[in-house]
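*Asks:* Given chain B's structure and the hints, the job is docking chain E onto it.
Listed here are the chains, written in short residue letters.
Number of protein chains: 2
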Amino acid sequence: MVDILHRIGIKAPAARVYNALTTLEGLAHWWTDEVLGDTQVGGKIEFRFRTQSGELLGGMVMEVQELNDNKDVRWRCVEGPEEWVGTDITFQLTEQDNQTIVLFGHRNWREAVEATYHCSMKWATFLLSLREYVETGRGKPSPHDLKIDNWN
Amino acid sequence: MVDILHRIGIKAPAARVYNALTTLEGLAHWWTDEVLGDTQVGGKIEFRFRTQSGELLGGMVMEVQELNDNKDVRWRCVEGPEEWVGTDITFQLTEQDNQTIVLFGHRNWREAVEATYHCSMKWATFLLSLREYVETGRGKPSPHDLKIDNWN
Chain B
1 MVDILHRIGI KAPAARVYNA LTTLEGLAHW WTDEVLGDTQ VGGKIEFRFR
51 TQSGELLGGM VMEVQELNDN KDVRWRCVEG PEEWVGTDIT FQLTEQDNQT
101 IVLFGHRNWR EAVEATYHCS MKWATFLLSL REYVETGRGK PSPHDLKIDN
151 WN
Chain E
1 MVDILHRIGI KAPAARVYNA LTTLEGLAHW WTDEVLGDTQ VGGKIEFRFR
51 TQSGELLGGM VMEVQELNDN KDVRWRCVEG PEEWVGTDIT FQLTEQDNQT
101 IVLFGHRNWR EAVEATYHCS MKWATFLLSL REYVETGRGK PSPHDLKIDN
151 WN
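Line order of the protein sequences matches chains B and E. Numbering-wise, the first sequence is residues 1 to 152 according to the numbering used here. Numbering-wise, the second sequence is residues 1 to 152 according to the numbering used here.
Hints may contain errors.
If chains are identical, the list can't say which one is meant, so a pair holds when it fits in one copy or spans any two.
[Said to hold, decoys possible] EDC-like, lysine to aspartate or glutamate: derived pairs with alpha carbons at most 20 Å apart:
#1 K44 to D145
#2 K71 to E95
#3 K147 to D33
#4 K147 to E132
#5 K71 to E25
In short, the hints are calculated from the structure, not lab data.
For reference, chain B alone in the conformation it holds in the complex (with noise of 0.2 Å):
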């Protein structure tokens, strides 16, 4: 199995962030602003994912798992890409040093495709954002998120 990982502090409570991940306006600030369903566990959360002119990209549902007040929160990929289905992201909080220190997890890739190495580059970027709008309250979520590479 192949986990991307990443490690990021936000200067903000635990709770705001935890906000940002657990609620759709938190979500559609800073991932893609076009997200739907039930953020509670058990629930659905859909993303999807279109061009600046409108085009659908794609998109993908996550059934959540876990979550934990300001502490944790897991998902799994139930719907979308052929790679993503089956694989857990899970974002630990703790607060360290007046940061938020969020450690972000996307696990269980089942072998490391190119599609890996775009979406470790890709989340680093969104997690880029998520501290944009945490701090600021201004994220780049997609359509208008930072282009990486000639996918997206």
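*Replies:* Frame of chain B, contents of chain E only:
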């Protein structure tokens, strides 16, 4: 073994990206401004990292193991943080869609420790710095690098 993997596209010919990866001057413009040594195969390159006020934070020595013009760069870390020694760093370049696609790997970590999460995120930001340097002439090498958490 655990690998950090990233993909980034740079709007420049592969030869310019390769130059940024295989010359002291190029490396100093995107990773750390304190680089010395020999960038040829069998040579050793030393990278030192300081705070903006000049205090030494640490460094590492890479042995250049493979170079294929405008295509591949492979280093092995032979001195540095304990988790890094024995790991391999690779850059594979291909031209696609008027970009140079870089597949980056920092491979063969013995285990996923919290430093792995940190370094994965940090490598992503240094690859953005590499892109900025090659595309605009100005990157963000240490000590002017983007700080990502309470470690750096």
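*Asks:* Take the hints in turn and mark each one as holding or not.
*Replies:* Now the hints, each set against the structure:
no.	hint	verdict
1	K44 to D145	neither (23 Å within a copy, 38 Å between copies)
2	K71 to E95	within (9 Å within a copy, 42 Å between copies)
3	K147 to D33	within (16 Å within a copy, 26 Å between copies)
4	K147 to E132	both (16 Å within a copy, 13 Å between copies)
5	K71 to E25	within (19 Å within a copy, 44 Å between copies)
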